Amino acid sequence: MSSQDQEPYVAACPNCDVTRQTDDPNEVINFYRRHYRVTGHDIEIEHAEPDLDNAVTANDLKDVIRELEGQHRNGVPMGVIAAVMKERGLSVKQTLDEIHELRMGGGLYEPQDDHLAAF
Amino acid sequence: MTQWDDSKAQAVSSDITDESNALPARYFTGQDIFEMEKETVFGQYWVYAGHANCIKEAGEYFTRTIGERQLIIVRGHDGNIKAFDNVCAHRGSKMVTDTPMTDSGNARRIKCPYHLWTYDLEGDLKSTPKSFEEASLNPDLEDEEVQEFDSKENALNDVHVDSIGPLIFVNLSADPMSLDEQAGVMKDRLEALPLGEYEHASRIVSEVECNWKVFSSNYSECDHCQANHQDWIKGISLNESELEVNDYHWVLHYTHDEDVDDELRIHDEHEAQFHYFWPNFTVNMYGTADGYGTYIIDPIDTNRFQLIADYYFEDPELSEEEEAFIRTSRQLQEEDFELVERQWEGLKTGALSQAQLGPNEHTVHRFHQLAQQAYNS
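As they're listed, the protein sequences go chains A and E. In terms of my numbering, the first sequence opens at residue 320 and continues consecutively. In terms of my numbering, the second sequence opens at residue 353 and continues consecutively.
For the record, the hints were derived by calculation from the structure and aren't laboratory data. Predicted, not measured: the structure shown is a model, and the values here were computed from it. Take the hints with a grain of salt, since some may be wrong.
[What the hints assert, rightly or not] Partial chain E-side listing against chain A, Cβ under 8 Å, derived:
{"id": "1", "residue": "Arg443"}
{"id": "2", "residue": "Ser445"}
{"id": "3", "residue": "Val448"}
{"id": "4", "residue": "Asp450"}
{"id": "5", "residue": "Pro452"}
{"id": "6", "residue": "Thr454"}
{"id": "7", "residue": "Asp455"}
{"id": "8", "residue": "Glu559"}
{"id": "9", "residue": "Thr654"}
{"id": "10", "residue": "Ile678"}
{"id": "11", "residue": "Arg682"}
{"id": "12", "residue": "Leu684"}
Glycine included, every Cβ here is placed at the ideal spot set by N, Cα and C.
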């Protein structure tokens, strides 16, 4: 596949040399979950929509989600959150772990499956 | 004649010498077929779960999803391996978090995080919290009237489990045929080898865009090797190869030019053996490495499968030669992925209603026959 017809999201496992290209950001999350379940490996987001985090100024996860909510009705896809947090140095696993922590503390809710909004 | 017309799509014949029909294409592409396979294939036959060396101590476990069933494979205090549904007998909660075979968990007890029902490694219910012993919030019930939960009646649902050497298999059926019967001579052959002395050294997992049976069919023959695995076939004498077909497994024997040292080899000189075990497991005995590999060909849905490639060597720390060997194996996988994804693109169009097989694809024919047999069961 040439770079011209590359899908908006590309994720890969550096250990297994497995790549997933998709136009659905949450497919990156599904890919991570399936892959982690059988290998224990984290994955890396290699490429995401270029304009994804232009409007996001926050660094803190909860504030990032709050800012992204303006662009996503009924919750921000977790794949989008993972892609933005990747630019802030977090891996997919680290982002999901932090999301879990926040959700358990009541800071986030899930208006639809794998879409998040902040209180 | 290749059959392009739906009306000619027939059942797979019993005799490849008279008929060369493959399993009709709709059994690969139909969205409803994988749903059927969960019961007729993965719910009926012995399916590989994992390797005993990954759970050597009591309490060590890993999880495995087969069809829609999520299982816990655990080593009991008696040293035996058990398999349970990862479902609490109280209200059906999933209990342990997914744990790959490569990174197994360890627990003295299996505890459900929902209401803390706790089971021993035999699956029996061992304890419930006080809230299940006292009716303090229920004005209509006295404490002494509270029912006691029987540890056996409220045990975890266990699943049939058996082994070939260190290879653990599970069967979801209530009354399965024996693993001995399904494995046939493969069991004797593999148990004659010191497979248990080898340790898990590497796992590579790949998600591939095609139906699992397309990859399985490709694995089962080597007519495509000359054109598509050009690096690999340099050391192989394809003309001296043998394809052996048994009831539920088939073996591709290849003769290698080179071999590992005699002291290290765990199988016949100059020979590589690739065993396919119905429905979705392979054991790969390489001619050029002192070790072996396994593939699990796990369907994700109709259009995708996951290939789990495991490698076993005497020492889990890979030598440079072993790393190079795994890279070569990975190259073969990549070459095959390209082939099967291309085939899948064509099959999905619906243009071909039934493929035809060549005389050296009798191994593939056996695979297709078993699929049809399962669908008709």
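Verification of the hints:
This hint is violated: Arg443/E has a C-beta 21 Å from the nearest C-beta of chain A, more than the 8 Å allowed. Nearest Cβ of chain A to the Cβ of Ser445/E: about 16 Å, over the 8 Å cut. The hint is violated. A cut of 8 Å between beta carbons decides the hint on Val448/E: the least distance to chain A is about 12 Å, and the hint is violated. Below 8 Å, beta-carbon pairs count as interface contacts, and Asp450/E has one with chain A at about 4 Å; its hint therefore holds.
At a threshold of 8 Å, the smallest CB-CB gap from Pro452/E to chain A is about 5 Å, leaving the interface hint in force. Because the smallest distance between the Cβ of Thr454/E and any Cβ of chain A comes to about 6 Å, under 8 Å, the interface hint for this residue holds. Proximity of Asp455/E to chain A holds as hinted, the smallest CB-CB distance being about 4 Å (cut-off 8 Å). Proximity of Glu559/E to chain A holds as hinted, the smallest CB-CB distance being about 6 Å (cut-off 8 Å).
Hint status for Thr654/E relative to chain A: violated, with the closest Cβ pair at about 16 Å, above 8 Å. For Ile678/E, the shortest C-beta to C-beta distance to chain A is roughly 11 Å, which exceeds 8 Å, and the interface hint is violated. Interface hint at Arg682/E: satisfied, since its Cβ lies 7 Å from the closest Cβ of chain A, which is below the 8 Å cut-off. Proximity of Leu684/E to chain A is violated relative to the hint, the smallest CB-CB distance being about 13 Å (cut-off 8 Å).
Hint compliance for this structure: hints 1, 2, 3, 9, 10, 12 are broken, all remaining hints hold.
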